[in-house]
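2 protein chains.
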Amino acid sequence: MAYTISHSRRLRSTPFTRGVEAAGVTSYTVYNRMLLPTVFESVEFDYRHLKQHVQVWDVSVERQIELNGPDASRLMQMLTPRDLSKMRSDQCFYVPITDEDGKMLNDPVAIKHDDTRWWVSIADSDLLLWIKGVAVGKGLDVRVFEPDVSPLAVQGPKADDLMETVFGAEVRDIRFFRYKRLAFGDTSFIVARSGYSKQGGFEIYVEGSERGMPLWDALFAAGKDLNVRPGCPNLIERIEGGLLSYGNDMTMDNSPLECGLGKFCKPTEGNDHIGHQAMARELAKGLARQIRAISIPGEPLVPARAAWPLMHDGVRVGQVTSAAWSPDFTTNVAIGMVDAGHWEDGTELTVQTPEGERKALVREKFWI
Amino acid sequence: MAYTISHSRRLRSTPFTRGVEAAGVTSYTVYNRMLLPTVFESVEFDYRHLKQHVQVWDVSVERQIELNGPDASRLMQMLTPRDLSKMRSDQCFYVPITDEDGKMLNDPVAIKHDDTRWWVSIADSDLLLWIKGVAVGKGLDVRVFEPDVSPLAVQGPKADDLMETVFGAEVRDIRFFRYKRLAFGDTSFIVARSGYSKQGGFEIYVEGSERGMPLWDALFAAGKDLNVRPGCPNLIERIEGGLLSYGNDMTMDNSPLECGLGKFCKPTEGNDHIGHQAMARELAKGLARQIRAISIPGEPLVPARAAWPLMHDGVRVGQVTSAAWSPDFTTNVAIGMVDAGHWEDGTELTVQTPEGERKALVREKFWI
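The listed protein sequences correspond, in order, to chains A and B.
Throughout, my numbering is defined as the position within the first sequence, counted from one, plus 79.
Throughout, my numbering is defined as the position within the second sequence, counted from one, plus 79.
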């Protein structure tokens, strides 16, 4: 059964919504209280096109939080277990954010402007409120706010070709998770080599809502010969690639280590991170569960609306949190959290889906 | 154009979703990252029924935040400009919550269990993150978390009759914004006389998701003779009644005073509220804009997806943020924010809607 979405100002439109709807979006989700397209032609059509051509994605829902002031860098380091001390001003860092218990509050990308100015490009939670609360509570000298910045992503194997026509050959030199500020019309945008797919591409941080549609139109005009289409983060492709989704595959119940993000959690010299002690205790104790790729062979399943229990001998030993049929790998690809003792590659479990019990195979690697 | 909603675990189902969908919900919105029904038969049918009979509403989206510990009351008073010093343990208080700049972060109802334990029943923002951030930043001795509590509302003129059949005659004695703990099966729930309509009724704070459907079923079984139906906050009825919606009619750009919430903002003796100084400055300076009822005569308008500019002599002097056709008052009822100098009762302005310019009349009172 398909339900329609009731619109209101509260479910914010984006600078690109006019373009997205003219281009034929059929479904939305809501992310950071804003509309995020989920389907244009069909999830499977969009998936095949993404893997072959190039797409323009309205990812305005990746709202920015600006930290601005003398204490900006100090505050930024309090938020994350990742060591930011050597980060340069043209870098983007994937930064798990935790609370004092070492539990995930968000998994954004931090963009460093300079030591007194950062953007945090957030996943689906009001991280602004956490950052402001900590800053106010600690009496730090920093302003924390949501600027008028809306990312537009260009993703797919032909992304470099399309971007060159609009931003010039310089885009090709941008390294992974680095950015350059490139001219567009009478202004310039931060352009980073990043994005929520494994097909390669860029994210353009559009400053000023009124500049959204001119950029959208320029990309589509330039991309005709490249078979450019509107797109969006694709459920199948992101599961195949092991791209986690905050709120789906990890929540405030999970630590970064459980989410397989240990490599982003090197304690800093001053142990500045708010969750430092909790995470040290967790490390000493050992992990209780961990994110894994899960294959569910057989007929295609309807995507998960809720966590599906993973069972072993009648005992719950984990859950599947995202699942979709993969045409390329001819299995249901899934992401799950699996208890210690059951997370080895090849372990066979049972998953309880709304369509009945199915065999589930734990995999060490995603489909990449 | 109607868009479908793409389901995922991230858009949380509720303990009542099974009942809501079996009862024929057709549309949802997303509120606190959870599904909130918006239409069963039609907005207008649901509206007429709500005003005549009794409805059961899944308002699980009013998530609870628990403050638990020795510093709970001290923290609670830091959050709001409302004086909580005389609040008793059976009361619910509507409490504007502001940041250090005196801007609205949420407008929840606070439920006092005792001096060391509170629930905050939130509107649409992750207020948990603000409260936790402040608590951690200030080093307070209090735990802040989301308990497994999901409110179910019973609203409409026959609400007392229906509630009596399930909870006994004692419900009739509950005063407005007071609560009692009443037995249900082998447990008991907090039952408050409150709710997001002007038709009267109750909110039941269901502790334990597994207890949701038994209560849902009990209410529908008991309510057959009362013409009970599933319902939800109704756009028309709530605008007529002047019930503001956070994210629609007020955002982090607005102060409680602008929102007409001055009576909930009496400074406490110790000026404990985080936004105290900012609000004192605002009071001294005078208000720049204020919430008003707005009537838009003429043909029915499609409900607002974005703010509609209010104009006077070609200058923008405010905006309409919620609007709907009222069958009972045969005008489009609306809520807007109007600049000083234009907010007097009877002021005639122009509103720019997606269906063209229309006359807009500022009203001092809502339709109650």
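It is worth saying that the hints were derived from the structure and are not from the lab.
Warning: the hint list may mix true and false statements.
For chains that are exact copies, the list does not tell them apart, and a pair is met inside one copy or across any two.
[What the hints assert, rightly or not] Computed cross-link-like contacts, DSS-like style, restricted to lysine-lysine with a CA-CA straight-line distance of at most 30 Å:
1. 345 - 217
2. 303 - 444
3. 303 - 165
4. 130 - 303
5. 364 - 130
One pair to classify: residue 303 and residue 444, alpha carbons no more than 30 Å apart. Within, between, both, or neither? neither (36 Å within a copy, 55 Å between copies)
Same-copy or cross-copy closeness of residue 364 to residue 130 [CA-CA at most 30 Å]: Intra 42 Å, inter 58 Å, cutoff 30 Å: neither.
Up to 30 Å CA-CA - residue 303 versus residue 130, copy category: Cα proximity of residue 130 and residue 303: one copy only (17 Å, versus 55 Å across).
Is the C-alpha distance from residue 303 to residue 165 at most 30 Å within one copy, between copies, in both cases, or in neither? Classified as neither; 41 Å inside a copy, 68 Å across copies.
Can you tell me if residue 345 and residue 217 fall within 30 Å by alpha carbon in one copy, between copies, both or neither? both (24 Å within a copy, 26 Å between copies)
Figure legend: structure checked against the earlier numbered hints; hints not met, in rising order: 2, 3, 5.
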